[in-house]
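Q: Now for the letters of each chain:
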Amino acid sequence: MSTPLGLPTLRSGTADVPSLPDGVRLGKKDFTSGSEVRWCPGCGDYAVLAAVQGFLPELGLRKENVVFISGIGCSSRFPYYLDTYGMHSIHGRAPAIATGLVASRPDLSVFVVTGDGDALSIGGNHLIHAMRRNVNMTVLLFNNRIYGLTKGQYSPTSEVGKVTKSTPAGSLDAPFNPVSLALGAEASFVARTLDTDRKHLTQVLKAAAEHRGTSLVEIYQGCPIFNDGAFDVLKDREESVARLVRLEHGQEVVFGAEGSQKAVVRSASGFGVEVVGLEEARAAGREPVVHDTRTADPSLAFALSRLDEPTMAHVPVGVFRAHSRPTYDDGVRSQLDAAREASGGPGWRASDDDLEALLRGGDSWTVE
Amino acid sequence: MSTVPDPQRSPEQPAQRVDKQVEVLERVVIRFAGDSGDGMQLTGDRFTAETASLGNDLATLPNFPAEIRAPAGTLPGVSSFQLHFADHDVTTPGDAPDVLVAMNPAALRANVHDVRPGGTLIIDTDDFTPRNLAKVGYATSPLEDGSLEGYRVHALPMQSMTVEALKDLGLSRKDAERSKNMFALGLLSWLYERPTAQTERFLTTKFAKRAAVLEANLRSFRAGWAFGETTEAFPVRFHVPPAPAERGTYRNTTGNAALAYGLVAAAHRAGLPLVLGSYPITPASDILHTLSGLKRFDVTSLQVEDEIAAVGAALGASFGGALGVTTTSGPGLALKSETIGLAVALELPLVVVDVQRGGPSTGLPTKTEQSDLLQAMYGRNGESPVPVVAPSTPADCFDAAVDAVRIAVKYRTPVLLLSDGYLGNGAEPWRVPAVHDIHAVDPDISTDPNSTADDGMTPQFRPFLRDPDTLARPWAVPGTAGLEHRVGGLEKADVTGEISYDPANHDRMVRLRRAKVKGIEVPDVVVDHGGQEHADSDLLVLGWGSTRGPITAAVREARRRGLRVAQAHLRHLNPLPANLGEVLLAHSRVLVPEMNLGQLALLLRGRYLVDVISCNQVRGLPFTSTEIVEAIEDVVAGRVRPTPRRDAR
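Residue numbers (the working numbering), protein chains in the order written: chain D, 2 to 369; chain S, 967 to 1615.
Possibly wrong hints are sitting among the right ones.
Unchecked claim - Estimated spans, in silico, between C-beta atoms of each pair:
{"id": "1", "chain 1": "D", "residue 1": "Glu239", "chain 2": "S", "residue 2": "Gly1422", "range": "56 to 62 Å"}
{"id": "2", "chain 1": "D", "residue 1": "Arg326", "chain 2": "S", "residue 2": "Pro1123", "range": "55 to 61 Å"}
{"id": "3", "chain 1": "D", "residue 1": "Gly55", "chain 2": "S", "residue 2": "Asp1468", "range": "29 to 35 Å"}
{"id": "4", "chain 1": "D", "residue 1": "Phe272", "chain 2": "S", "residue 2": "Glu1033", "range": "28 to 34 Å"}
{"id": "5", "chain 1": "D", "residue 1": "Arg326", "chain 2": "S", "residue 2": "Tyr1467", "range": "43 to 49 Å"}
{"id": "6", "chain 1": "D", "residue 1": "Arg199", "chain 2": "S", "residue 2": "Glu1487", "range": "51 to 57 Å"}
{"id": "7", "chain 1": "S", "residue 1": "Arg1176", "chain 2": "D", "residue 2": "Ser344", "range": "25 to 31 Å"}
{"id": "8", "chain 1": "S", "residue 1": "Glu1115", "chain 2": "D", "residue 2": "Ser3", "range": "56 to 62 Å"}
{"id": "9", "chain 1": "D", "residue 1": "Phe272", "chain 2": "S", "residue 2": "Asp1468", "range": "58 to 64 Å"}
{"id": "10", "chain 1": "D", "residue 1": "Ala16", "chain 2": "S", "residue 2": "Tyr1467", "range": "21 to 27 Å"}
{"id": "11", "chain 1": "S", "residue 1": "Ser1327", "chain 2": "D", "residue 2": "Arg326", "range": "45 to 51 Å"}
{"id": "12", "chain 1": "S", "residue 1": "Ser1412", "chain 2": "D", "residue 2": "Ala16", "range": "25 to 31 Å"}
{"id": "13", "chain 1": "S", "residue 1": "Thr1418", "chain 2": "D", "residue 2": "Val161", "range": "56 to 62 Å"}
To be verified - Taking lysine to aspartate or glutamate and the DMTMM-like style, the derived pairs with C-alpha atoms no more than 20 Å apart in a straight line are:
{"id": "14", "chain 1": "S", "residue 1": "Lys1172", "chain 2": "S", "residue 2": "Glu1110"}
{"id": "15", "chain 1": "D", "residue 1": "Lys29", "chain 2": "D", "residue 2": "Glu211"}
{"id": "16", "chain 1": "S", "residue 1": "Lys1133", "chain 2": "S", "residue 2": "Glu1181"}
{"id": "17", "chain 1": "S", "residue 1": "Lys1261", "chain 2": "D", "residue 2": "Asp23"}
{"id": "18", "chain 1": "D", "residue 1": "Lys207", "chain 2": "D", "residue 2": "Asp17"}
{"id": "19", "chain 1": "S", "residue 1": "Lys1261", "chain 2": "D", "residue 2": "Glu357"}
{"id": "20", "chain 1": "S", "residue 1": "Lys1376", "chain 2": "D", "residue 2": "Asp108"}
{"id": "21", "chain 1": "S", "residue 1": "Lys1261", "chain 2": "D", "residue 2": "Glu211"}
{"id": "22", "chain 1": "S", "residue 1": "Lys1172", "chain 2": "D", "residue 2": "Asp364"}
{"id": "23", "chain 1": "D", "residue 1": "Lys200", "chain 2": "D", "residue 2": "Glu160"}
{"id": "24", "chain 1": "D", "residue 1": "Lys64", "chain 2": "S", "residue 2": "Asp1414"}
What the hints assert, rightly or not - Coverage of chain S stretches by chain D, computed from C-beta distances (three or more under 8 Å per stretch; other residues unrestricted):
{"id": "25", "segment": "1471 to 1484"}
{"id": "26", "segment": "1579 to 1588"}
None of these hints come from the bench; they were simulated from the model.
Being a predicted model, the structure only gives us computed values, none of them experimental.
Glycine included, each C-beta is placed from N, C-alpha and C at the ideal position.
One chain only, chain S, in its complex shape (with noise of 0.2 Å):
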């Protein structure tokens, strides 16, 4: 049903037009892998840009180094963007690449294992030089060993025609090279029929003071086209229709992107400003950087001196009647744990982000983990409970984002927000929400004495006088007459907010703390029985975060196995769904996948005594759907077993 886009085309590359046919496919997961300094991440989003835009539904998943600029040619220099889009709706980047786009011999090396049997590979071999070959190890030349015997390869000299290309413009080799990913941007453009005006445009706002570069890059990028369209090297172009979609509008979005756009929503929905205080930090500093640039919608950016001094200035902009918001990664987490107890005591709206990467210490720092769960939870001094919400993919950031701001507010207290590097580096197509949809939360500010004086007459203000339905105190800030208090972190008396060390009082307010926490309205977890009757279902599978991708698709698998499998997953990991004890003790086995070694699992067997089954990896990767298909077939056909209980023997 879609027409074929028609690029504009430089006078000097007429296209000689090559009968081609057209093959329609219902998915594709491609791969780009190059050098880190090579663009793959542009080349990726470029792409994904695309592919939005055509109406395919799709998933991403970047995997880059930590270096900036790894030594050139290496397996550790390798970078790769990897993206699955389908005619129907996807859950996961894919398994395995159907198509790996190389453009060196590291490149190859580093994915090629990873690539499905059968699989394309386009080789960019100008780098396939002995030299090169040798510094990853290949003894011979994989093009011609016939190691590659079980693909389909493309073997193109992507780099030395790209220079061709650009051979009239004058510019050296070297700056010439640079556009290569261009060169096979418009390559993979043109054989699965992307649309290409919106790349085009992109490049010109992005070089628009470079005349020089930009001119390099579209006309790499046209190249890349025409190739394709004239060569008898491609055959064949693919065509993957759009997917069915809810009416409405979409845009493609990150995972940081969408949050970043969430906690502004929700400040604007509550009549709030927002106030982020942040210190640069992998993989999160993206929010900081979208947070700054909107200015216009009365957010104000402090990049200050540490992760400490982060949460300190968004925590003093809370108590001065704004929504204070700090993001994050784990080791920043750690260090900001001190103030987000501090919030605790002087119970002020305050919204915390993780975006996760593999730890301990600084760990993987580009890559993936959901192991920050147990330090969410518990890591600081005293009795300490702070609600803590989970984005489950890209665009639900934003959704999540919201949810956490209504928490914080209405009932005065610090919020965990856990995304992960996978979420806010993914990115998928985000239908875009009407704002008068997006939940707007009163922030209910005091103006007004809440009480009146011993003598039954005078006005009095007590900071510590709650909500009796919410258990939320009331929030005074500077500025109105009549309301000054002085909150901290010693001990308050119930009421009254005075400093209290009697103990009564102390074991009084850190019930109240916890059952504040604990009473937060969240919505019951839905089990999804894929039809089915519940009490059929063999095993059930619950997640959390950013693993609703791969599980989703591993059940769907599963399913069409024959397996009886029934879903779930956890928006709220504090507090829990009301509902959720008893959807567990509902299905005689539960598998929990988590990118750690058992947080959730952990949670559950003591809050609920339910010994769940854990399928744990670390691997700074999501999971794949096949590993959760195995582990439920495993679990299934009695392979893996809950803990036998000693009692039981």
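With the rest of the complex left out, here is chain D (with noise of 0.2 Å):
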């Protein structure tokens, strides 16, 4: 049996947090706590921390009503380092706890900062019903391909292979794409960010945090200890150039150099889509796909973030999928109030005198 639930119509993430009194605006210093940052040296966090730092004061929210809550991981530090309300949790849970903040907090605006083992290993459940549910927060998956903080196991997401001290023969096991993932999970927010792109690291940061419902930000991020240059190819400014595929929403897929560029089409088979150059694709007619990040339909952002492969050959970034549909929050809270507003109209709360009818029931009895 199901029943027509009448949700809220949508709204910004962030709707409902208190924002900053006219005229009045927080810094980056604002955001910086007073712990000592303790990332290795050449470590992709710090980026993402600084990108943080920078883009909060941005959205012009009060800041005690910003929350991080993390699992564990190296990433996961990264509550201490934000003068914030912060929960630094336990493996894997830190979408579960910010869960349940959430549900009872709409005036939160809430981070869950994770990495690739914390999020897709241990903790996996816990993401894709998140995003199932599509709970109003913000989860940054710093992906590094690789165990840091146990000192270097590979992860879910190495590439098959992988030489570590726990895989000396080489991983066996096919990684999970994590856009792909989000995609597959329903997710209503999926983008992918890179730790050295400060200016599309901060575009993407914000367009999450405003999105309402699970944003997902897929965030590559460098580790310089146990998987130093797995990005290197993305980072050369060259080879990003020709590799990069920078996803825009109403715009053509369409990447590479001035001269050598390439196109993303419908792929002959008529599912996914396929690189060919670009003035052979116009010459054959088939034009480049053209991207669109709010329809319901999530197929062509699943075939985007198909492009992807280990070699890295072409990389989407961007965002994927911005796509409003009602949040699991705002349904829980809807209907507290309706059950409060059918005892007792709009703004009723259970008094003393409801406490006690409801203890007493239906079915009392009196001993004088």
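Starting from two chains that each stand alone, build the complex the way the hints lay out.
A: This is the structure:
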């Protein structure tokens, strides 16, 4: 049996979060805690921290209404370095903990900071269910394709054949593509960005925070100690131009240097997409696909996510999907409101008498 | 004194009154037994509600298989519901039924050996076919072979009579047969003079949208009553007068319902929203169901993806200033361990309810046990002290829940509330408290900095600056300006809450967390000496949780037999009452009955160096009082002694 839910209309992810009074602006410093940052020199996490501290003021929110919840791993130290409310929880569980917080507190902007091991291995179940439910939170998934804090074992995003201390003969299991996984789990906002591209990172994070629902942002993040150079081809200026497919809503999906541009077109089979030379495509009448983040059908976004492969010949980055659908926490709260309203009209709260009536129930008797 | 209620009779069944004798009884134990699809639990529930409203004291024991519909007519598929009601205070569902209602051969076979000699058997004979008899291993029909000679047998074709009563409704025989439980209920309601209006009202509500089903059930119920009234098979009906009770408003409740209400009432009194994170598990799911229907009381219920997410969501809500609650049973508690440890480190309020069942592993999902005590106490990594509270009767689940909330909120700690399957599903009358009598804990949520920076001027918030009396840390919630802080599972520096790997700090924090739990205010344990000087008691019987009923009954019986027995019962397992050591030392012998293999005994021996004597069973059912009486007699007679100490030889 199902019932129409009559859920509220959709708004920004921070619509219920108190904003700063007019004329008051916070800066990066306001979001920086006194804790000494303790990541390895050269770690990509520094760049992400700086970007986050830099973009948070742009949201215009009161910082006491911002919460960071993390799991376990190098990236999960993140909350300690931000002067907001924060919880460094346990391995893999941050999305579940955040779900309880978000469901009961509409006035908070909640971020989950996690890594490839935390989110996709031990915490895989919580991540997919948070996305399925569309809980209003922003998940920053730092993907360095390795376990750093435990000193270099392969992770669920490591390429097959990865030689590590725990896989001296090479790892056997095929990796997850986090973007494909998120789209498959019905995430309403899915994006990918890089730790080294400050501008892109900031842009994507801001869009993610403002999206109402679960926003999953995969951040390619370098680990100089245990997986050095994993993303070098994307960081080299020339190579990155040739390989990065920058997705923009409403734009044709084309990439590559002037003169050797490539296009993403519908594949001949009719399912999925493929990469061909732009000139060649146009000559054959195969127009590049036009990216649409807002459509309810995630098929094209999923097809684009499949362009990514271990050789990183072409890596789509940007927002894959930003589709509006009802969020779990809004639904939870509206059911509470409806129950109260049915009991005594708008704004009704249970009194002591109401509680006493509940405790007595319908079948009570009195002994004089 | 009570008048015989006049059931509404359908016009086609005019009563031809046969004069019946009325015999007055002090107490009766009835067991309804049938196939798991026969509606025996519903029948028992309704008979219980009728009995409760009549003012008898009562205790119930539902007993059913884990399979939703085990193969029909087989022994493993038998479901039963036992009810003990009396004109005086009762503490157990009764050891041996006086009356067994058996709806088929399997129900008879599985239960008849429990009935007291000379007891009454009311048997539906319609299913006593050679095939059904063979299915449960009867070579000959017990109705004919004389094997039931020791009982008063009423062999009645209840199924056929039900079908006959419904014949003009146009139902298939199969559908008509489904109402036979209501026929049995009607008959028993007549036999014991139960009021019927409530059951009729209940059926009317339950089947409001299914007119044909409603009519079939009402008619069967009335037909059962009318049959009792008119048949000569039952020349006597029985009257059990109401039990004396304190003034007040009463209702019947199961432990799971009382526990849910206790959580809601305590949260309401504290002014906190209640957020439940839960995952369905037997026998705890009814708490989830009850709380899910109480949204108007500011109760958010989240059924999430697993047990870990359930406790995580509850803890996340507590971080946000709600009362986080999670409900589960043993296997689920195992999964929650790590998060409970996190709650110990974060020092946030959290109530974890474990409705214990038979273990290990999946164990006996629908049967009761008390074997999670050590898991509750120690089932986490590190020194991870958690207060443990145990209700002792179904109605007591309300008070225990209120107490668990008090401790969680006042001391900023996860609390384990250890109920069990017997308490959860069992029912008894409950004197409903007035709201102003329910303890109201002050959440004392921080609004301002609690300290100043090193300059002595700038206000600063120190998340681990403790209350000197309770050692509780402040509860500052997101949205409060100036109190921004970070918590986490890594060890925190005392006072400041910064990450600290300092050896001395860790040693201090471990001891502080222990001292906080040890210092929780719990009332002294009260010893009942049965009106004698305690020095005269030969033995102290000490229990915890749901064994209270059978222990109380056994101690009463032992005293009737002239033994000098003292009784005490523990509500708080951690911390233990401050006077417990004295109480133990004041008695030369201490008997500890538990539905496990000696978990409280282990704690008492370790803590007090007292050689208590265990009395254990793990059959998935509560103790009978007889078992405990025998254990008491064995100890008093010296047949069972404490373990001899090596140095005593």
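Q: Sort out which numbered hints this structure fails and list those numbers smallest first.
A: Hint check: 4, 10, 11, 14, 17, 20, 21, 23, 25 and 26 fail, others pass.
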